[in-house]
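Top line first, the protein sequences correspond to chains A and B.
Residue 1 is where the first sequence starts when you use the numbering used here, and the numbers rise one by one after that.
Residue 369 is where the second sequence starts when you use the numbering used here, and the numbers rise one by one after that.
In short, the hints are calculated from the structure, not lab data.
Yeah, the Cβ is synthetic: ideal placement off N, Cα and C, and Gly gets one too.
Just so you know, nobody snuck in bad clues.
A short, non-exhaustive set of chain B residues, derived as facing chain A with CB atoms under 8 angstroms:
| # | residue |
| --- | --- |
| 1 | Y696 |
| 2 | P701 |
| 3 | F703 |
| 4 | L706 |
| 5 | Q755 |
| 6 | M1483 |
| 7 | V1564 |
| 8 | W1569 |
| 9 | T1591 |
| 10 | I1646 |
| 11 | C1661 |
| 12 | Q1675 |
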Amino acid sequence: MMASSYSAKDEDGHITVSGPGGGTLRNKKPENTAFKQQRLPAWQPILTAGTVLPAFFIIGLIFIPIGIGLYVTSNNIKEFEIDYTGDDTSSPCYNCAKNFSWNNTKSCTCTIPFQLDQPYESNVFMYYGLSNFYQNHRRYVKSRDDSQLNGNIDSLKKPSKECEPYASIDNKPIAPCGAIANSMFNDTLKLFYNDPNGTSVPIPLTSTGIAWWTDKHVKFRNPVGTNSNLTAVFQGTVKPVNWHRPVYELDTDPENNGFINEDFIVWMRTAALPTFRKLYRIIQKKNNMAPTLPRGNYTLVVDYNYPVRSFEGRKRMILSTISWMGGKNPFLGIAYITVGSVCFFLGVVLLVIHHKYGNRNNSANISN
Amino acid sequence: MARHSEEDAGMAKAPPAARQRKKKPKENKTRTVHANILHDCAKGDENPNRHYANNKIKTTKYTVLSFLPKNLFEQFHRFANVYFVFIALLNFVPVVNAFQPELALAPVVFILSVTAIKDLWEDYRRHRSDKEINHMDCLVYSRAERRYVEKYWKEVRVGDFIRLRCNEILPADVLLLSSSDPDRLCHIETATLDGETNLKQRQVVRSFYDLDCEFDPLKYNSIIECEKPNNDLNRFRGYIIHRSGRRDALYKENLLLRGCTIRNTEEAVGIVIYAGHETKAMLNNNGPRYKRSKLERQMNVDVFWCVIILLVMCLFAAVGHGLWMFQYGDNRPVFDVLSPEGTNLSPIMSAIYLFLTMIIVFQVLIPISLFVSIEIVKICQVYFIHQDMDLYDEETDSHLQCRALNITEDLGQMQYIFSDKTGTLTENKMVFRRCTVAGVEYSHDANARRLAMYQEMDSEEEECMSHGGTLPRRDSVTSHQSARVVLRSQSTKSHRRTGSRAEAKRASILSKHTAFSSPMEKDITPDPKLLDKVNDCSSQMDFMRFHSQPMSQLPSDLSDIIDFFIALTICNTVVVSSPNQPRHKVRMRFELKSPVKTIEDFIKRFTPSRLTSGSNSSSSSSLITNRSSNKGCSSLLSSPSAESTLTKLHEEQPSGGLEQAFSPIPPSYDGKTSWNLDEGELRYEAESPDEAALVYAARAYKCSLVGRLPDQVIVELPHLGKLSFELLHTLGFDSTRKRMSVVVRHPLTDQITVYTKGADSVIMDLIKPPDTGNSKGKRQKKIVCRTQHYLNLYAANGLRTLCIAKKILSKEEYACWLQRHLAAETAIQGREELLFESALQLETNLHLLGATGIEDRLQDGVPETIASLRKAGLQIWVLTGDKQETAVNIAYACKLLDPEEELLTLNADSQEACALLLEESLHYIQAKFLCSPSGPTTKSFNTNFSPFDIYSSSSPSSQSTPFLVHRLGLVIDGRTLAYALDKSLEDKFLAVARSCRSVLCCRSTPLQKSMVVKLVRNKLKVMTLAIGDGANDVSMIQVADVGVGISGQEGMQAVMASDFALPRFRYLQKLLLVHGHWCYSRLANMILYFFYKNAMFVALIFWYQFYCGFSGSAMIDQWYLIFFNLMFSAFPQLITGTLDKDVSAETLQQLPQLYVNGQNSEEYKPYMFWMNMIDAFYQSLVCFFIPYFAYADSDVDLFTWGTPITTLALFTILLHLGTETKTWTWMNWMSIAFSIALFFTVALCYNASCPACYSPSNPYWTMQRLLQEPLFYLLCFITPIAALLPRFFYRACQGTLFPSPVQLGRQLDKLPADIRRNILSLSRVKVGSPLCPKLPFLSLAKASPKSYYKKDGRSVSGSKQGPLLQTDEAKRSPLQPTDSDMHLSDLYTPAPSEVDTLPYTKDNPALSGELQTSSAADSEHLNKTIEPSDVNLSSCVTSTPLPAQADSVQLSMPPDGASQCVRYTRNSEERLKSEHAVSSAHRTEPPTERPLQAASFSLN
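Given only the sequences and the hints, what does the whole structure look like? Please build it.
This is the structure in structure tokens:
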């Protein structure tokens, strides 16, 4: 728009003697290029029943097998879930749940027996699941200091504003600060296999390798390396209010202690939806012969520390194998089958339409 | 720079140097200009001119310092920007913030800075051009050096003396004080100001006129008082006060305007009056206009709806959040984080805060980039329109100009076109066609043939050599002429070999560079009869002069003839220039003498002795002035041209003394160089094309104008040689008088003669009533009578008529008149009025000489353009200043009026009569067309009646023309229009006019034109387009929604006022039908898409609120959220918005019906916004819930879940665009690929860049991890397909079941070219043609009989909508057959043509015979058939073709409809006239009794 005002003004003083003696004729003729004349070669699809029809059938034909494949895959995944919230009076954890709050320091233990009907062949992943826990709440999600978790000393001493009001207590910085860390899941789950011969064999649970590799090695770092004394490093900080132990006592393994404790890292990855599960431990497959978890009776021993009753949450323990497409979830398979069928059906509808009405255009056009 | 310092030094050295200042009381009304050199002692603040702007121009808006604040301030005038800034700032409030505050600012800053950079760049360009202009050189007088020194333009000040040389451009508005021209004239070319290429004369201020020696600035000591700077180019008033106290008036003739070019003048000196920004040129230069297009208005409504949706969503979320909070009671869960201060917010408070937060989160719903994108797309559209070769006119080397950049899409929505006639529909190339002298008509058949030849030449097919041979030669005398014709045709041929003919034409035009001088206008073939008479007459006169017989003995018819041609030659303001030095006027000076300016002068000159003297050369010879001889008469006498040497010698003898006295240089000198070369090539610089045409016509009869000076006109007559007419006065043309006159002294009779030329209506009233007593009087009466007859005939043939008259003044009469005239001239107050009255006094009792008919040829392709625009559903009204008959005939010629349709002519001379007429017309229309709704009425003229409409169910036609449009033409004249536009009648007028297919307003003033446009625009709520070429169209152009200027020959005012400037009328077709359609559909689709896209994206977050406790959380990373619109999804839609073509240009032009699409806003209807919104919500549901369920109860984290959703949304949005894209060029593919690549690149980089930044999402390695998961790909595959399934399915069904006309057009595009052509030609012939076979293509009509029926019903009900009509109808209906029979039968006759034939029906035989030919070929064919080289060319060339279409009429005549209809019988006009005292609504009936001349003449 300015351009034309410019050119208008241009006329005012411009010396263009295009007169008889002017000599050079200014030729303003536009160039005859496909682009400038808007004649670029183009594919012009016209959406009619006839033209679109094959697409629908092809989509249908592709989707339905995929869906079936996904569904089968998902069904092959074994999953076991047990709710140990303790809402029910019948629940073994009822007592623990009833009078438990964040202030309790003494832990309460409850034992839940369960039975696996099928052997779990491959590696088994042990999750804890929470329901109704809004880890995705806007203020909650923000309430962390990534810089502190990355091992920045300054942030350790002076946590970011985002952590308020969980940044400091009595002017002592909280490490790790923020509401997410403060509300960290702190139940301890142990699994025992009740041998048919009556003994209770503890199942070895691997607590490493449950977090993203990049989280463990890049995103989360202890303030000064991993080998130095964490107690000294975290000197001058206080533990989060709800925690029972300071951060440097999360684990005895120095590779899994402090900010790089994998349970902590997993917790810090805030869940997307209010019902979620988080990887707790991995049960490694021992050898090729025996199943990781054979059929039989098991006992889950819970150190009940985490109160969920205040927000009517649920706590679960999940045992699951995984496949190439993740955990057990038949939805995607069903979705593919459904969409594929719908496409196929619509394809048939279009075929009918095309047969009944579409002909007239074509025949009319062709007959000319 | 060197010069700078030198100058500065010079100024310093000479203390009384060229800059001086003196205190001067500030005046309000006038400006006082002193010469700078008088005041050089006082530097700085003493200069009296210091208050005036200097000549430095600065068109930039900003300076380095002011850029930022000023630009921001301007940008914040746009409400959207303020809104977005507000939202961004809201993020800085911790309680409500949703995003990182700095990040939230990014989009706004981005948008603002893009605009700012654009502004900056434009400003810089302006700055550069300013600098260039400011640093041009000119000569300014320096007192210090006592000579003119070179200075930059910017250093010129008011009060400086500047010297200008030939071909220099004026740096400022300068008062002309001296000129090297012996006549004290200075010629300027004002092409840069108003586009007029003819030379204009400017005169030295009168008091400096008689200066003998060269003007010496040092002696100048006058003071100039003049107007304050204003922008009126045609006005300048003031006076100059000399030291002696004498005052002299200053006129616009004394002022040279900045930007003009000096021509034909060696040197001129002037004093600067206005400089820099105060010059008239700069004051006239206002920037482009801003209009808001209809689409944008519509869009703004939907933006408003978006705001509402936004608020509803926010409110919903806020309430939800409140409830969510409430359910926990006092028992706060761990995840409900306290405010930073640790306080616990109540649910209500947090709901309120959340409301604000949600506004931030959902801000994307109001598309921030929409406004910027629309601007970008429009600029691209303008670029493409500019680049269109079809809109480029080779002849004038000009292409379409878009002056308003933001209403391109309005072009696609026009409903009414208001067109000027002259210069718009016609070429404004006035060609002399025929004339009548002394009551005898000379039909100029040969000339007509010649013109027909040009027409053929225009239709490229013509063999070039053939016209060289067949071109009628002039009679023997003009042998050189025909030689030239051959020459020209040869050159044409050679050009054609290399390029197009138009190229050759352009070359020839440019080489000559004179307006109104194309060969067609110049080479007039004389009528042999008349030529003989002229020869005869002049030889007699020569004989008589030789024998000193009084001229009065000449037979009066012969003397009339010679007077007629003399009048043609001299009664104008044409300037003659010679060909070799194009802008050097030919000087044929016999003497030097100013026009009569004072009484003394008059007395001195018109001494009785001289007046009575019989010597024809006495007046000249006795007036030798010293000056002219002193001057040496550098460019003086002509010598006789070669072929007339004999006669010349013969004739020169009596005046030989004179010539010798005036030619110190041998005559041959000048003759060889400039004059004798080619007498025929003298160039005439005329201000109007009519003048040029008449002068060229006279030249064809050997009465050539060979020189014009302010005081005399030199005419060369056959046998008589050159005669010098002393020019006493020129009373210029004005539109109120409608005539011009010159007062001359006839060199042969020495009588003071007034020659008047003007519109016939005016002149005929001024003719001296012949005194019937004697035979002379009777003869005179007969002449007048006959002339009137021929005038009517000319008008009927569409010619422009002019009457030529003369009057001989006695010396006493003249003296008497002169006195008053001089008084008027010198009056300062009301000078114009006095001059006007003085002219009125002179122009009375005229003696009629004859009349001329000038043809204003239709531009190429006008009928075709009008026909196709009309097919496109556009109503075309022609508003012209021309007389009724001419206008009607042009209208027929350009197919605006159809011979088959009835014509309602409204001529009333009083308000009551007008009211009555309108009433009657209304009744007539109702009675005729509404009485049988099932009959022919429903087949009212349907502009879109074509197979395409028949089987398109959406029946666009009935919507586009909600009011029934009948096959009626309305003709109304200016006076009646004035009454009709009265408040009380305008509704009625509109009711009548809108039901007519074409409306023609004749004799309308510019104001009326704009009133009509305004009326239609405001009352009918339609989109209007006004097109015109002249200053009289400016008001109309400004009022209309879209103003189009024709950059023709009549200057630039219309172009300056317009939004689009076209070189030719026919380009309107492509501009509207193709570019308008494209622009509209592109932009409409883009806007809809924008709304969809943003709604879809925002809705994703909205659904998420249900799963995050309405906490305002977003699973989409804020970076994606903010840049999604700005970067990831921005390019494809811009490309599609710029390049998408729904239908190809060819099909759009061949099927104008597709234009209705835009008129009805079918691409963007209000419901479509909601459909898109619903679709957006559906798609977002799919895009949300498929990942939701896929990831339900998994260990996925917030942003690892959100990223796939973003990706899916992007894919879905792009795929959606894909389904809406109609043409896929590589640019589309590229843009989509680019978008996707950009997203992944950015995501990967972003996710790999900083492990601890980007709180809170901290998406380190998220994308990388996702890309390893099969689930991600599976989601990406299914979701977009599931989301788009309904839309895709709907589109497919629609494409088959109920395709829109546009879709059909698109299908047509895909067909092979020959089949397509076939179908198109069939669609044209189809209606009303008996020859049309039952085509399978057409038989489809039965497929949608319901819609057809519906259409009918709707149109009928629509026709009853007009409240006025309905009541009238109700009133009348009981009376119906009987009363109206009685009443109306007087007025109207039944219409045999009441059929639904297309205007092209008459061409059917030709067309159907050649179905294979394309429409372009058809139209050419049409031209040929219409203009056969028949004997009776006179009627064919100019007026409408005679149709022969009886069979088609009969065929389509609805039998029962006619019988039901009220019967009207033939009228008796006398009765009507006596009853209503109006020349009433009157019907011409062209088809069978074609002689419409008779019909229309009875009106007058």
